[in-house]
Amino acid sequence: MTDPRPAKQPWNKSSKVASFKGGRGFADAILIVVSLLLSAVVFALLLSVLWSVISAGAGALSPQFIYQNNRYISTTTSLEYGGVGHAILGTLWLVLLATAAALPLGLAIAVYLTQSQSKLRNLVRSITQALAGLPSVVSGLFVLSIISFLGAQKSGIFGAMALFPLMLPTVARVAEEALRLVPTDLRLAALGLGAPNYRAFFQVILPAAKSGVITALLLGLARVVGETAPLILTIQANNGTNLNPFDGGVATLPTYIYGFISAGYASSITRAWGASLVLLVLVGILFITARLLTSDKKRKKSKGTK
Amino acid sequence: MTNSSVAAELRSEDVSVWFGERQVLKDVNLTFRANRVTALIGPSGCGKSTFLRTLNRMHELIPGAGLAGSILLDGKDIYDPSVNPVDVRMEIGMVFQKPNPFPTMSIRDNVLSGLKLSGMKADNKDELLETSLQRASMWNEVKDRLGEPATALSGGQQQRLCIARSLAMNPKVLLMDEPCSALDPGSTRRIEATIEELSESMTIVIVTHNMQQAQRVSHETAFFLADENTPGGVVEFGSTEQVFDQPIDPRTNDYVNGHFG
Numbered sequence: 015m016t017d018p019r020p021a022k023q024p025w026n027k028s029s030k031v032a033s034f035k036g037g038r039g040f041a042d043a044i045l046i047v048v049s050l051l052l053s054a055v056v057f058a059l060l061l062s063v064l065w066s067v068i069s070a071g072a073g074a075l076s077p078q079f080i081y082q083n084n085r086y087i088s089t090t091t092s093l094e095y096g097g098v099g100h101a102i103l104g105t106l107w108l109v110l111l112a113t114a115a116a117l118p119l120g121l122a123i124a125v126y127l128t129q130s131q132s133k134l135r136n137l138v139r140s141i142t143q144a145l146a147g148l149p150s151v152v153s154g155l156f157v158l159s160i161i162s163f164l165g166a167q168k169s170g171i172f173g174a175m176a177l178f179p180l181m182l183p184t185v186a187r188v189a190e191e192a193l194r195l196v197p198t199d200l201r202l203a204a205l206g207l208g209a210p211n212y213r214a215f216f217q218v219i220l221p222a223a224k225s226g227v228i229t230a231l232l233l234g235l236a237r238v239v240g241e242t243a244p245l246i247l248t249i250q251a252n253n254g255t256n257l258n259p260f261d262g263g264v265a266t267l268p269t270y271i272y273g274f275i276s277a278g279y280a281s282s283i284t285r286a287w288g289a290s291l292v293l294l295v296l297v298g299i300l301f302i303t304a305r306l307l308t309s310d311k312k313r314k315k316s317k318g319t320k
Numbered sequence: 026m027t028n029s030s031v032a033a034e035l036r037s038e039d040v041s042v043w044f045g046e047r048q049v050l051k052d053v054n055l056t057f058r059a060n061r062v063t064a065l066i067g068p069s070g071c072g073k074s075t076f077l078r079t080l081n082r083m084h085e086l087i088p089g090a091g092l093a094g095s096i097l098l099d100g101k102d103i104y105d106p107s108v109n110p111v112d113v114r115m116e117i118g119m120v121f122q123k124p125n126p127f128p129t130m131s132i133r134d135n136v137l138s139g140l141k142l143s144g145m146k147a148d149n150k151d152e153l154l155e156t157s158l159q160r161a162s163m164w165n166e167v168k169d170r171l172g173e174p175a176t177a178l179s180g181g182q183q184q185r186l187c188i189a190r191s192l193a194m195n196p197k198v199l200l201m202d203e204p205c206s207a208l209d210p211g212s213t214r215r216i217e218a219t220i221e222e223l224s225e226s227m228t229i230v231i232v233t234h235n236m237q238q239a240q241r242v243s244h245e246t247a248f249f250l251a252d253e254n255t256p257g258g259v260v261e262f263g264s265t266e267q268v269f270d271q272p273i274d275p276r277t278n279d280y281v282n283g284h285f286g
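Residue numbers (our numbering), protein chains in the order written: chain Y, 15 to 320; chain X, 26 to 286.
Don't take every hint at face value.
No more than 27 Å apart at the CA atoms, straight line, and that leaves these computed lysine-lysine pairs for BS3-like [stated by the list, open to error]: (1) Lys150(X) with Lys101(X); (2) Lys101(X) with Lys224(Y); (3) Lys224(Y) with Lys141(X); (4) Lys101(X) with Lys123(X); (5) Lys101(X) with Lys146(X); (6) Lys101(X) with Lys168(X).
Among chain X residues calculated to face chain Y with C-beta under 7 Å, some are [what the hints assert, rightly or not]: (7) Pro88; (8) Trp164; (9) Asn165.
Read the hints as simulated data drawn from the structure, not as lab findings. Please read these numbers as outputs of a predicted model, since none were measured by experiment. For each residue, glycine too, the CB sits at the ideal point set by N, CA and C.
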């Protein structure tokens, strides 16, 4: 892609420095100081959260804490035994199930919003945005009502069902932005070569938006990976590993944290902090992956400008 | 070189175009003869690019676009209900104003993309690749870097790659919408030379704002004009020599001599 705009010239910088005179320069200076201060407040908040999780959770960490499950462990058992392995697996499993539904559907909504010329688009967009404001506990309650309507037992699949409507709007919105960034020229070029719409989409538009769609997926994952309330309402706890989402209880990191912090013993609280740290690292990995993928896209773009 | 396709005659009969309620073209009757290059000239907003897009049914992709009249490709109406627009676009290729190679594909894959996109099979892809790039006169420049991304090429090379991409489909007609307006004089000259060679095997219709370019590359010229608040139409159509040197309509004379537009 060629960007016809000229590259930024160095004189832009010097002219900014020169404008630091008179009243306007003073207002600029105040704005800069205020924004720096507020950024510092946000940064300090983030650091203190990180610090409290790391300092309180580090004591629980050990290899066995990562891979062992909690069977035969009570709230007062010494930290040398048991771990969150079952909760990590449970979280990944539920999030994977929610993704299996939210990714295709979110992508389909994004495709509809960007490719269709229907007048219903604005309605669909408004509904998707409204869904983004759905409180997670309400989503959990809704699925709980389905469970009691069906007379079913709480199990992993219902947890995934409660996560799905929370994940969907994030995936749809970010994927829509990614698809919108693909120049119309490319679609026209593909259609001009005799491509049916679906081939133009899968072979040209989707590959061009690939990194953006992956970002949509990761942000969707990050949105639900730490959700607690809907899971408390829809799944049973389990101290062992259970990979069957249709039968029996399943542990997840958020519900594990909730359970052990509520128990109130020194060792159980430390376990909860340890699980928080593991969850934080999991989210961190997601965000760093998303960031790496988007910066990769930018690099490709700048290479393409000449 | 394999030129399995044969150039075709393209003819528009009473073509009128609307965007919503607004009529932008009225009763355009033009015949693009086989193996000829026809230039469409006229001031901005006169509907010549719109008209070009009616010739391979790209026009109908714009929301609210309407059309009356018929476009005949070797006597067959491409707007007949039994005709699939996808097939039309395979026979009538298009090159756009801004080079638009597929950024996720290599140079090689860009040239061959039409096959994959239209679901066609080629007997010998490497031969088709080489032939298409040669016809777009860029084989020697890129033959050692076919695996590189298309975005690594210069603007002029990208546009020739887009031409090669269209040629790989062996079109009977090639439509070009101001193909050189984003390019430097050197690249423009090379594309003009390519157009001349291509006219041996296909019919070419080119929209251009550049009077010299129209005179250099085209055999025939159609002058489009839209007066204020009236739909655009063809004021004059004839051999390029006649339209530029002895225009019949005084408005054509004013335009080609730079008095307006």
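Practice item. Would you mind confirming whether the straight-line C-alpha gap from Lys150(X) to Lys101(X) stays at or under 27 Å? Key: Roughly 30 Å separates the two Cα atoms, so the pair is violated.
Review point. Do the numbers back the hint for Trp164(X), that is, is its least Cβ distance to chain Y under 7 Å?
Key: Violated, because the Cβ-Cβ distance from Trp164(X) to chain Y comes to roughly 20 Å (cut-off 7 Å).
Check your understanding: Holds or violated: Lys224(Y) with Lys141(X), Cα cutoff 27 Å?
Key -> Holds: Lys224(Y) and Lys141(X) sit about 19 Å apart, inside 27 Å.
Review point. How about Asn165(X): closest beta carbon in chain Y under 7 Å, or not?
Key: violated (21 Å)
Check your understanding: Keeping to a limit of 27 Å between CA atoms, is the pair of Lys101(X) and Lys168(X) held or broken?
Key -> violated (39 Å)
Point to revise | Straight-line alpha-carbon gap Lys101(X) to Lys123(X), limit 27 Å | key: violated (31 Å)
Check your understanding: Holds or violated: Lys101(X) with Lys146(X), Cα cutoff 27 Å?
Key -> holds (25 Å)
Review point. Does the structure keep Lys101(X) and Lys224(Y) at a Cα separation of 27 Å or less?
Key: violated (41 Å)
Exercise for review: Have a go at the Pro88(X) hint: is there a Cβ in chain Y nearer than 7 Å to its own Cβ?
Suggested key: holds (5 Å)
Checked against the numbered hints above, the structure breaks hints 1, 2, 4, 6, 8 and 9 and satisfies the rest.
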